[in-house]
Amino acid sequence: MPAKTKAHRIGLFVCHCGLNIAGTVDIPQVLDAFKDAPAVLVALDYKYMCSEPGQELIRRKIAEEKLDGIVVAACSPTMHEATFRRNAESAGLNPYRVEIANIREQVSWVHAKDPDAATRKAIEVIRTIIEKVRYDEELLPFTLPVVRRALVIGGGIAGIQAALDIAEAGFPVLLVEREAQLGGRMAQLSGTYLNFESAGDLLAQKLDALRARPEITVLTESEVESLNGYVGNFTVRIRRRGEDQVQEASVGAIVVATGFDLYPMKQLPEYGAGAVPDVISGLEMEALLRPDGPTGGRVLRPSDGRPPKEVVFVQCAGSRDPEHAMPYCSKICCMYTAKQARLFCRQSPDGQAYVFYIDIRSGGKGAEEFVQAAMEEERVLYLRGKVSKIFRDGDKVIVWGADTLSGQQVEIAADLVVLATAVVPRADARDLAQRLRVGTDAHGFFNEAHPKLRPVESLTAGIYLAGAAQGPKDIPETLSQASAAAAKVLSLFSRHELVQEPTIAWVDPELCSACQLCVPACPYEARRPHPWKPLVTVNAALCQGCGACATVCPNKASKLRNYTPEQVLAMVDVLFAPAKAQEGA
Amino acid sequence: MSSPIDWRFMDIVAERSGQPIATCYQCRKCTAGCPTAFVMDYDPAQIVHMVQMGERRALLSSQAIWMCVGCETCGTRCPNGICVGRINDALRQMAAEEGVRVGAPAIYQFHRAFLNNLRRFGRVHEITMIVEYKLRSLDLLSNLDLGARLLLARKLPPLPQVIRRRQEIARLFEAAGAHAAETPEGRE
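These protein sequence lines map, in sequence, to chains A and B. So for the first sequence, our numbering puts the first residue at 1; every next one is plus one. So for the second sequence, our numbering puts the first residue at 1001; every next one is plus one.
Rather than coming from a laboratory, the hints here were simulated on the basis of the structure. All of these numbers come straight from a predicted model, not from anything done at the bench. Please note that the accuracy of each hint is not assured.
Below, simulated DSSO-like cross-link-like pairs (lysine-lysine); rule was C-alpha separation at most 30 Å, straight line [unchecked claim]:
| no. | chain 1 | residue 1 | chain 2 | residue 2 |
| --- | --- | --- | --- | --- |
| 1 | B | 1155 | A | 386 |
| 2 | A | 533 | A | 556 |
| 3 | A | 389 | A | 266 |
| 4 | A | 61 | A | 6 |
| 5 | A | 386 | A | 365 |
| 6 | B | 1029 | A | 365 |
| 7 | B | 1029 | A | 331 |
| 8 | A | 35 | A | 47 |
| 9 | A | 309 | A | 396 |
All chains should be built: construct the whole structure from the sequences, respecting the hints.
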């Protein structure tokens, strides 16, 4: 496919970028330098080359002069390389014969105080890029087939929603859940906040919908053991607990929805956690409030089974606490504490609930009103301050805290204490992340590709994130992210093939000695020794064209397309022998 | 604060002051604008919070409730429609009724002298009010020069002007209840 002929009808297009470039670089002098350059048929400038008239100028010149290569001297290639390549392609020029000479970020902006030097440097940069384009091959992007089946890891509400959305579009889904039952954390909850709707009922609706989808295969008591491959074509190995047999499956996209844990109570000894039976976590309180829970939904003390009168809720138990390595806010506790306090007060009219808090964070629709109603309707007493110590005294649990609003020390003889322990990643989240080759943050939550612009993708193409595995989230937020992740999967599945950039590595079989130095050098695991021939092969789908293999290869057998040693040497030569290069052919 | 808390206190104060005390979320706008907060032992936002917490004794014996001048800036600005000035009024009445040790005795005696004077004449007669206040507070010698200047400037009429229909003032005092009258006395 690559044309062997060198480009010999080259066009140079110099952009002013308003005054960004032209204010520093002397454009007429630059154009003059290439007036008689060999094989440069056209040297033109324009105010904004990326504008439609600028692009139209390039297209016209390609056609008129039958150009077979162009150099656009303008901004960084990360800005507009794709724009100019598309434009050239529409005029019939191979897009890989379009190169950018960066004379803005690397010239005019950094040398604004020395216009003469900037002009000289612009000329040299352009001169090297003309050499590069001379040797550029006319490449064609290639395509890879997409396996249109998804893997969803985690059968909580996030995984269920993602699986449902993908299945409803007609694609098969493999839903892998570690526990024996689907439902995750939502199955452990009582009423949900804002309207006290039963979490169990809401979950049951989703599970009914899930069972009605023949596209979804549920694998419970199973875990992902390893993952190979790349976007559109992963191979996953799934092990069922207690069985030696490992199931292998091909999938094109993956949604990670493994949920969260709570910070272990025993890490909070000053709160009597673990030692005092009537100090419990928020999830244990959910079990007491759940109609299908062990107490039938009645709040009873774990120690003696009696209903408590005075219940103290402690928010930020571990959260917003850099000393416990959790400087972040767990986000859901303000709301579920208000909900638990209200549910308790509703079932115990003579009971009293206290909430210790640092701040109340109740953003969004109806949330602030919900917390305010806890104070006004259920008379929950909110005390602003942290609890310093919780200990047992007879059948009471004594809580020492502060109320910074009245400036007082507070002592409450409670019957039950509920700690809103911090939301933390699953203990083995980092292991899974490594197996999937996706990143985690400092705490172990899965990392999104960009905190603002790409919040549901991981940095690994084809792997998406949903729910609290990526960071603390409540149910509606989790469902939003799950549906968004499913939309990403479906957009991938809307194609049968993926287009891959051809500017990647290849191995010259004549030169390769199969020393395999390049195999560990590749950061993308794209290289593998050939099963029987004495050479190393490149997995074109995994290769990102970084060039590590080319650098490490002693025989120069490993090469990057359109970044060959000949090209680079020609670019260097032209710098050290400018007169010769200009006299040229 | 000690548990269990006394919600009845908040209910009583809310009822007597007519203020929705439970709605306070402690933004402290009332305190930021209060002209007398700087001399209060508890500022207006703390007063509301302490009512919620049932801090009866601390509040009724505080001087803050007497430092309030009732300008109602707090109530004008409160996003939840709470007038702390009116809460202070209710707390002052309760302090007087319950005979607690008053946190600002001189101000309390001034209130008494003012109300007695009003009851007697239907409007304030400064000289008799000042005499009663000085006897009550036993602060006999302060501000004598100011009094002399006011007399010379004819700002202090020697005789009281009694209003017509004094019985209506009497009815007002009756309606306001016993605590507005001379008895029982707050202990100092």
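Hints, one by one, checked against the model:
Distance hint between residue 1155(B) and residue 386(A) is unfulfilled; the C-alpha atoms sit about 57 Å from each other, more than 30 Å. Simply put, residue 533(A) and residue 556(A) have alpha-carbon atoms about 18 Å apart, close enough for the 30 Å limit, and the pair holds. A distance of roughly 14 Å separates the Cα atoms of residue 389(A) and residue 266(A); the hinted pair therefore holds under the 30 Å criterion. For the proposed pair residue 61(A) and residue 6(A), the alpha carbon gap of about 19 Å is at most 30 Å, so the pair holds.
Using a Cα cut-off of 30 Å, the hinted pair residue 386(A) and residue 365(A) holds, with the two alpha carbons roughly 27 Å apart. Using a Cα cut-off of 30 Å, the hinted pair residue 1029(B) and residue 365(A) holds, with the two alpha carbons roughly 24 Å apart. Our distance criterion of 30 Å between C-alpha atoms is met by residue 1029(B) and residue 331(A), whose separation comes to about 27 Å. For the hint linking residue 35(A) to residue 47(A), the alpha-carbon distance of about 19 Å falls within 30 Å, and the restraint holds.
Annotation: proposed proximity of residue 309(A) to residue 396(A) holds, straight-line Cα distance about 11 Å (limit 30 Å).
Taken one by one, the earlier hints fail for this structure only at number 1.
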